[in-house]
Amino acid sequence: MTTAVEAAQSEFAAIVGATRVVADSAVCAALSVDGRTPRYAVYPTSPEQVAAVLRCAADHDLAVIPCRSATKLGVGNLPRRYDVALSLKELNHVWHYEPADLTVTAEAGMKFGDFQQFVGRDGLWLPLDPPGGPRGSLGGILATNASGPLRLFYGAPRDVVVGMKIATTEGKIIKTGGRVVKNVAGYDMAKLLIGSYGTLGVIVEASFKLFPLPSERATFVLPAGTLGIARDLRRRILQSALQPMRMVLLDAVAANLAVTGTPLAREVAEPEIWVEIGGSARVLERCARELDELGKAAGAAACRLEAENADIAWTRVSAFRTWLPEGFPGVTILKVTLPDAASEEFLSRAQQETDNDKVRLASFCQLGVGILHACLLEAASAVGLVALIRRLRTAAQDLGGALVVEHCHWDIKSRLDVWGPAGDDFAVMAKLKAVWDPKGILAPGRFVGGL
Amino acid sequence: MKPSPLVHELTRLVGPDAVLWRPEDLMLYEYDALSSALQPQAVVLPTSTEHVVSVVKLAVRENVPVVARGSGTGLSGGSVVTEGGIVLACARMKKIVEIDVDNLRARVQPGVVNMDLSLTVSDHGLYFAPDPSSQKACTIGGNVAENAGGPHTLAYGVTTNHVLGLEVVLPDGEVIHTGAKHWDRPGYDLTGFIVGSEGTVGIVTEITVRLCRKPEAVKTLLAIFDNILGAPRTVAAITARRITPAALEMMDGFTLRAVEEAFHVGYPMDSAGVLLVEVEGLREAAEENADQIEAICRENGAREVRRAKTAEERELLWRGRKNAFGALGRISPNYYVQDGVIPRTRLPEMLEFIEQVGQKYSLRIGNIFHAGDGNLHPLLMFDGRYPEQSQRAVKAAREIMTKCVEMGGSITGEHGVGVEKRNLMPLIFSPDDLEMMQKLKDVFNPRGLLNPGKLLPGGKMCGELRIEASTGGML
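The listed protein sequences derive, respectively, from chains A and B.
Residues 1 to 451 in the working numbering are what the first sequence lists, from first letter to last.
Residues 1 to 475 in the working numbering are what the second sequence lists, from first letter to last.
Because the hints were derived from the structure by calculation, they are not lab data.
Wrong hints could be hidden among the right ones.
[Claimed, not checked] Straight line, CA to CA, 16 Å or less: simulated EDC-like cross-link-like pairs of lysine to aspartate or glutamate:
1) A/Lys172 <-> B/Asp432
2) A/Lys431 <-> B/Asp442
3) A/Lys175 <-> B/Glu435
4) B/Lys309 <-> B/Asp291
5) A/Lys431 <-> B/Asp226
6) A/Lys335 <-> A/Asp417
7) A/Lys172 <-> B/Glu435
8) A/Lys431 <-> B/Glu174
9) A/Lys439 <-> A/Asp59
In this text, all values refer to a predicted model and were calculated from it rather than measured experimentally.
Please model the complete structure; the sequences and the hints are all you need to start from.
Here's what the structure looks like:
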C-alpha cells in the first residue's frame, strides 16, 4: 500500500522536476525538526512552483515546513507532523533593483549576506543584523521578523518591507503592498506574514526600502562594572544627543565568548556596553568625546575599537546564534522582550536564578530596544531546566514582558510551550490561520497556542 | 421630530449627552475633508471602551452599520456614512492614559489629537513622529485607521512604524488586546494588520505608541527654482547622494502664490517652484547635511536657498506648507486632491505628465508633493456648479493615478482607499489579492457592519459620494 506521501512524490516531481524532489536520508536528516525528519525535500525554482507545491501538499494533506538555510528552523513547538521540507534555496533572483530610488525586490531564498553584498556595491544596505547572520535568507528573516541590535536606530524587518508576494496553500500567489516606499492601498497583509514562522503562507518575494551606508562608523566599548552602572550608562547614552545605531550590554561571559578567536580576544571580567555610531569624522569625534565624559561620570573608560575589529565584533555579537551552539551543544537560548528600562532588572534576576541553579548564563542585551537573549550554556537536567525557564518567564512577565525559548533540546519542548501563554487575541489569530491554511498543513502545531 | 427607537436605546446605553440625532446635528457628520455622503441615523460620542462595546452590541442586534470617526479630516471618504447607521465619534475619548518616559511609550485613547500628544510630552524632549498636515485637528485613532503619514515620515516612518499595541472592539462586542508595550509579543502581528485597515475590522479604543526623542538640531531650507523641473531633479540628486533628510517637500509656483496670498509666510511670488527641506540630528550632522543639500540645490538650478535662522522662521515656512490645501481652497470653488506614489526618480517625468493632463482637460492643477518619498498630491481645481467640470476632474485624476501605477507606484500613499479609491484597487491588485483581503476582513467583520463600502471594491452604495472639498459644489 502506498502512503499519501509516496503517492504525492510523483506529483511534486511533475511540478519541480524529479531531481528536485530529494528523499536522500542525509538531506532529510539535515532538515529534521525536533527529531522529526521529512520524507523528502522539494526544491521549487519559481514562485509559481512554490504555490503549486503547496497546493499539491494541501490536496494530499501533507505537512510542510518551509525553509532555506535552516538557521532558525528550530524555533517553535514540536511539529504535530512533518512530511515535506519545502526549500526556497533556488529562489535567488533580484528584480527591480533601483539604487537611485533606494528600493529593491528580491526572492525569498536569497542569502542575506549575498544580498548585502549586492546592494553594498552602491553604498546601500538593508540595516538589519539578524541572529542568523549572513547565512540566513531574506525569507527566513521575514518569516521570523529577525532583528538584532540595529533595531535601535533602523527598526525591524517589519519596518523595511514595502511589499511582498506570498504563495498560499490554495496554490495562488498573493501580492500585498508594492515597490514604492509609501503605500496604504489595501490591507497590510505583509505584517501578518512577517513573524508568522511559515505558518500562514510562504513568502516568495519581498520589496524593501534600502538605506545609505553611514559614511563612517565607530564602535566604543565601555566597561560597566555592575548592572547598576550599566543602567546608569544606558540612560545617559540614550538620553544624550548622540544617536547610536546599535548598543548592547554583554555580561562578562557573553563578552568573553564574543571576542574569543577574534583579534579582540582578551580576558573580560565585567559586563560591557558596546555602542556603534555612524556619521562623518567630525560627528564621530564629538561622539568619542561625549561618550568618554559619560563613561567617566559613571566610572568607566570608553575605548574605541579599530574599524576592522569592530566589524568582526558586531558580527559575532549580533549573529551569536551561528556560533554559540557549536561551542555549547546543550545551550538553551531564551529571547526575552520587555520594556527597555526593565532590562537590567531582568538580568539581575536571571543572574540570581541561574546562580542558584548553578547554570552558567551568557546574556546579550540589545539596549534601547527591549530585547535580550539569555543563554543557559550547560544542560542541567531537563526537569531542572524547565523549572528554571518557567521562573525566568515569570520574571519577564512580572516586568511586563514575555519569554520565548528559541533554542533548546526538543525534550524540553514536550514539557513546556516555547512561546508562552497566548493572549485574548488568540481566537482571531486562530481564525486567520484557518483562512490562510484551512487544512493546517503549514508547520502544524509549531506556532503560538499550537497553531 | 421625535427620536427613533434606536436613539432611545442608545441614550439608555450612553446617556443623552452622548447621543446626537437631530438632523441639524447629524448634518455635520455627513462629511470628511474630501467628500460627503449620507446622514447617519445617530451619532454617539463615547467616553469609554464600555460605551463602544455597548453600542457595537446594539448595532449588531439591530443590524445597523457602525462607522468610527475621529475629527473627520480624512481625504478618501473613509469615515463618511454610505449605508446609514451609527457614527461613533471618538472626540471625547481623548485621555492620554499613560506616558512612560523611560521606555519611550504612551498609551492614548483614540480621540487624542495628534499634536496634543507631542505637546504633552514635549517637556521630556519627546514627540510623536507621524505628523499629518492636519495634525492640529486629526486624532491618533484616525491616524491608526488610515496609517497616516506626513512630511517627516520620510525619515521616521508612517503610523504603523510607531504603534506597538491596540485595544480593539470587534463587531461582536468582544474586546481584544493586540501587541504590547514591548516589541515582538509572540503571535501574529495583528497590530500591524489593523493599522491602516480603515475602520473595517474593529474599533480601536486604546493605542500604545512609541515616542521619539527630539533631535539636537534641525535645519530648514527653502530652495527656490525658476524652472520647476529643477526641484524634482534635486530630489533625485539628494536621494542618489545618500542623504536622508527628515522632510523633503515640493510645491509648484501656482500653489506657492496661493499660499503666500493667504498666509504671508514669505514665499517668493515669482518662482516656478520650491523645495522645503529639513535635516535633523546632531548639530554637526545637521550642518553638514544642510551644506551638502544647499550645494545640490544650486547644482540643479536653484536661484536661491534660504535657511531658517530661528524657530519662528522655521515655523513660518512649515505653516505655509501645512496650510497649502486650505490656500488653494480660497482660489477655487472646489479641488480634488490625489495621493499617488511613484518611484522618486520619476518625479520630473510625472510633473510633465501632470502638466499635459491639465492642458488636455483644461484644468488648473496645483502640485504639493512629499517629494522625498515620491508621494504626490496634485490638486485638481474645478467648479462643482458645472457638472461637466467635475467630470473632467475625475477623468484627469484617473489618468494621473493610472500613470502612477504604470510607473510601478501606488494609488494612495497616506490618505487611504476609503470610498473614493476602492474602485481603483483592481489597478494594482489581482482578483486573488482582493479575494484574500475580503476573507481576512470577514474574519473580523463577517457581517460587514463595520464601516461598510470602504477599502475593497464592489458593493453598492445607497447614496452618492460627493467630492466637495472647500466650498460646496459636487463631483
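We went through each hint and held it up to the structure:
1. Only pairs whose Cα atoms come within 16 Å are accepted, and A/Lys172 paired with B/Asp432 is accepted, the gap being roughly 7 Å.
2. A hinted pair counts as satisfied when its Cα atoms are at most 16 Å apart, and A/Lys431 with B/Asp442 qualifies at roughly 10 Å.
3. As the CA atoms of A/Lys175 and B/Glu435 are separated by approximately 11 Å, the hinted pair is consistent with the 16 Å bound.
4. As the CA atoms of B/Lys309 and B/Asp291 are separated by approximately 14 Å, the hinted pair is consistent with the 16 Å bound.
5. For the given pair, A/Lys431 sits about 57 Å from B/Asp226 by alpha-carbon distance, which is inconsistent with the 16 Å threshold.
6. For the proposed pair A/Lys335 and A/Asp417, the alpha carbon gap of about 14 Å is at most 16 Å, so the pair holds.
7. With a CA separation close to 11 Å, the supplied pair A/Lys172 and B/Glu435 stays within the 16 Å bound.
8. For the hint linking A/Lys431 to B/Glu174, the alpha-carbon distance of about 15 Å falls within 16 Å, and the restraint holds.
9. Taken as a hint, the A/Lys439 and A/Asp59 pair is honoured in the structure, with Cα atoms around 9 Å apart against an allowance of 16 Å.
Violated hint for the displayed structure: number 5, the only one.
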